[in-house]
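Trainee: Take a look at the letters that make up each chain.
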Amino acid sequence: MKILTLLSVILFIPSCYYNDMEVYEVDITPSNTLPISITSNLTGNDSITINDSLFFEYNIDYDTGRVYYANLFIDDYLIFQSDSISNSLWINPSDFNPIGLFELNMVVYYKTYSGSLADKLNAEPMALDTTWQIDFYTLE
Amino acid sequence: MRMIKIILLSLTMMISTQVTGQSSGLSITGGLGTYDMSDFKYYHDVILDRMPVDVKAGKYFPAYTNFKINLLRKKSEKIRYGILYGYSTTGAHANYTDYSGYINFDQIVTAHQVGLNIYYSLVKVANIDISAYGDLKLSYINDEVNLLVKTNYYFNNSNIKFNAISPFAESGLEAIVNLKKASIGIEGGFLHDFSRVMDTDDALTADALVNMSATEEIQSGMSGLRVGLKAIFWLSQSP
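Protein chains in written order, with the working numbering: chain A, 1 to 140; chain B, 1 to 239.
Honestly, the hints are just simulated from the structure, not real lab data.
Glycine included, C-beta positions come from ideal geometry on N, C-alpha and C.
Don't take each hint at face value.
Within a straight-line C-alpha distance of at most 25 Å, the following computed PhoX-like cross-link-like pairs (lysine-lysine) qualify [as the list claims (entries may be wrong)]: (1) B:K181 <-> B:K75; (2) B:K59 <-> B:K180; (3) B:K74 <-> B:K150; (4) B:K180 <-> A:K111; (5) B:K181 <-> A:K120; (6) B:K180 <-> B:K41; (7) B:K124 <-> B:K56; (8) A:K120 <-> B:K150; (9) B:K56 <-> B:K180.
Covered stretches of chain B (in silico footprint by chain A; criterion: 3 or more residues with CB under 8 Å from a CB of chain A, positions within the stretch not fixed) [as the list claims (entries may be wrong)]: (10) 107 to 115; (11) 161 to 168; (12) 175 to 187.
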């Protein structure tokens, strides 16, 4: 009995640590929603048909907000990445040999300024995407 | 340093005496201790001030578990003495939670103590015995500090440890009821921590969300009241 008591006390020792799991939940009400927009030299063109290189120039308007980076895809193929709010490139169809109708898709990741923990740690990117239809064809 | 030498010397002498002969016993005291911990509280606040969001502190080193196991020997009807192992723990917690993630900042302080003690019977009425006691202990104090940050795209778990060896002295009163082969009762007193500077390794916090190093020296400071229920199992009774 004495040994059992002593044993139970010894076994009790490691589990006897201070433990407090209290949670302080904070409701985040975003107070600052800056407008963001993407414009490019293709804006306003519903249908773009090309058989040669395409000059693409974009500008991200996010007031004083921070843009993390922008990705440019042709369908799901990443062709360009930049952390500048304005940039330009030549899209050369022969580099990736697309023929037919494709989507040129730009996705911009920007800071939300929601005030949340993730936002304060620059770990809460919001995405805005814009798409243009492009028809690549070859002259036979 | 002198206090540490005295405790070590006394411990050696106690251990070398026979504790399993006649009139020896084993006592277990379990209860609560309060803790001063003023330097740890200050450190907790300093770290919270460095956080990027408003992390709320919960309880600061509240009264928490304290117990001791004592191998004792009855020298006479008036005097008992023995060696002991003691354990105390407390801590502090702070949290911030929103839809995007959470921060937990925790300190868990534990103190393992070894030492010796003596009881002197003041009043004995029938089978009730009221005694004064004194403990001298050496304590290994360990503070484990943990900062955990978790969001969908950010995760960081940083730890820092503080530790020290500090001499403790405790005195108080014990009231027990003597039964046939055991005694039960209560015990309470005040523990004084002579306080030592806690050592740490700051290198562990290099990648933490915030700098976790202390701006000033942290003293152990575990002084406070101790109360608990007690049971003594007499291994053998005096004839």
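Trainee: Taking the earlier hints as the rules, which of them does this structure contradict?
Mentor: 2, 3, 4, 5, 6, 7, 9, 11 and 12
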